[in-house]
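Undergrad: Residues per chain are reported as follows:
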Amino acid sequence: MPVPCLFDQNKMPNLHEQLKAKLPEGVLEIHAQHGDETVVLRRANWIDAALFIREDPAFRMNVLMDLTAVDGRDLKWKPRFEVVAHFYSTEHNHRLRLKTPVDEKDAVVPTLTNLWPSANWFEREVWDMFGIRFDGHPDLRRLLMYTEFKGHPLRKDYLWNKRQPLIGPKN
Amino acid sequence: MEMTEKATGGYLTSRLNDMIGWARKYSIFQYPFVTACCGMEYMSTACSHYDVDRFGAGLPRFSPRQSDVLFVVGTISHKMAPVLKQIYDQMADPKWVVAFGVCTCTGGFYDNYATVQGIDTVIPVDVYIPGCPPRPENVLDGLIKLQEKIQGQKQEV
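Same order as they appear, the protein sequences are chains A and B. Residues in the first sequence are numbered consecutively from 110, following our numbering. Residues in the second sequence are numbered consecutively from 45, following our numbering.
Any given hint could turn out to be false.
EDC-like cross-link-like pairs, simulated, lysine to aspartate or glutamate; straight-line CA separation at most 16 Å [what the hints assert, rightly or not]: (1) A/271 to A/248; (2) A/214 to A/191; (3) A/271 to B/62; (4) A/279 to B/62; (5) A/279 to A/248; (6) B/123 to A/191; (7) A/265 to A/191; (8) B/123 to A/237; (9) A/208 to A/138; (10) A/279 to B/164; (11) B/198 to B/62; (12) A/208 to A/126.
Bear in mind the hints are in silico, worked out from the structure with no lab data behind them. Every value quoted in this text rests on a predicted model; they were computed, and no experiment measured them.
The shape of chain A in the complex, shown without the other chains (with noise of 0.2 Å):
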């Protein structure tokens, strides 16, 4: 018997389609699967997509649900980083994943903070974990670890068991 499927694949809204022909040249790359539409831009149309994404009729993207990055050194990427985004909107029910590559030497992404506000905490736990800064940013310190701590421990060149306590033995 088949497994059945939550996501109709012919009532999708296809808003990654519908957002590459918006802006040709900004899009790197669309795929959707189980109802996960994404789109990979440049970084240079970040901000056109996602304000296109929040005040476009069809796609009235009101929620920044996530925002975050992955580090993939060791999976050879080049670009080594990629800034991920998920959005959903309240008024249509239906939900869009942006990326985009970034690379390690000019690890800065432009700020979505003027857009959702929401963006300020996620965009300083990134900076934290990765080390990849955000332009525009009103108060990018980091978010989780303290002042003090050296490096950015999710990405994948910081050693798992290295510790950098404020109080006590140093290991």
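Chain B: place on chain A using the hints.
TA: Same frame as chain A, now just chain B:
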């Protein structure tokens, strides 16, 4: 301490050290330093099913100046460690520390960049209660061990 038949006469004989130890072990005011999921088990122990008040430890004080035993309940991160040290330093003597749960004993499975590998690297610990989280029976066992320790030690006055 000996409470014999003589006590029926309206007095009892003891040694001062034992008497103070007896008083101290049955009036443990705890400071619950609760940071994580072990707190649920701490609450379970404190509530009526297991009733930590039977052992004279039923009155948590949320001020380190008024408490005798520091219960460190849950994972301690390196960011939190100076706060824990300060709380410990603020407590008045005599004071004891209970490491509640495996994270406070050794760091548990959080062998990573963020977690203190046992609070005994930061402050001295009297009783370790392992478990993830420990059962209330386990906590009560640890509490009785602490009472034995309090009773047996030299009482600083």
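Undergrad: Each hint needs a verdict: does it hold in this structure or not?
TA: Hints, one by one, checked against the model:
Proposed proximity of residue 271 of chain A and residue 248 of chain A is contradicted: the alpha carbons are some 27 Å apart, above 16 Å. For the given pair, residue 214 of chain A sits about 13 Å from residue 191 of chain A by alpha-carbon distance, which is consistent with the 16 Å threshold. For the hint linking residue 271 of chain A to residue 62 of chain B, the alpha-carbon distance of about 47 Å lies beyond 16 Å, and the restraint is violated. With a C-alpha separation of about 41 Å, the suggested pair residue 279 of chain A and residue 62 of chain B falls outside the 16 Å cut-off, and the hint is violated.
About 30 Å separates the Cα atoms of residue 279 of chain A and residue 248 of chain A, which puts this hinted pair outside 16 Å; it is violated. About 28 Å separates the Cα atoms of residue 123 of chain B and residue 191 of chain A, which puts this hinted pair outside 16 Å; it is violated. Between the alpha carbons of residue 265 of chain A and residue 191 of chain A the distance comes to roughly 13 Å, so the proposed pair stays at or under 16 Å and holds. Distance restraint check for residue 123 of chain B and residue 237 of chain A: the Cα-Cα separation of roughly 14 Å lies within the 16 Å cut-off, and the hinted pair is therefore satisfied.
With a CA separation close to 10 Å, the supplied pair residue 208 of chain A and residue 138 of chain A stays within the 16 Å bound. About 14 Å separates the Cα atoms of residue 279 of chain A and residue 164 of chain B, which keeps this hinted pair within 16 Å; it holds. Of the supplied pair hints, the one linking residue 198 of chain B and residue 62 of chain B holds, its CA atoms being roughly 9 Å apart against a limit of 16 Å. Simply put, residue 208 of chain A and residue 126 of chain A have alpha-carbon atoms about 15 Å apart, close enough for the 16 Å limit, and the pair holds.
In summary, the numbered hints that this structure violates are 1, 3, 4, 5 and 6.
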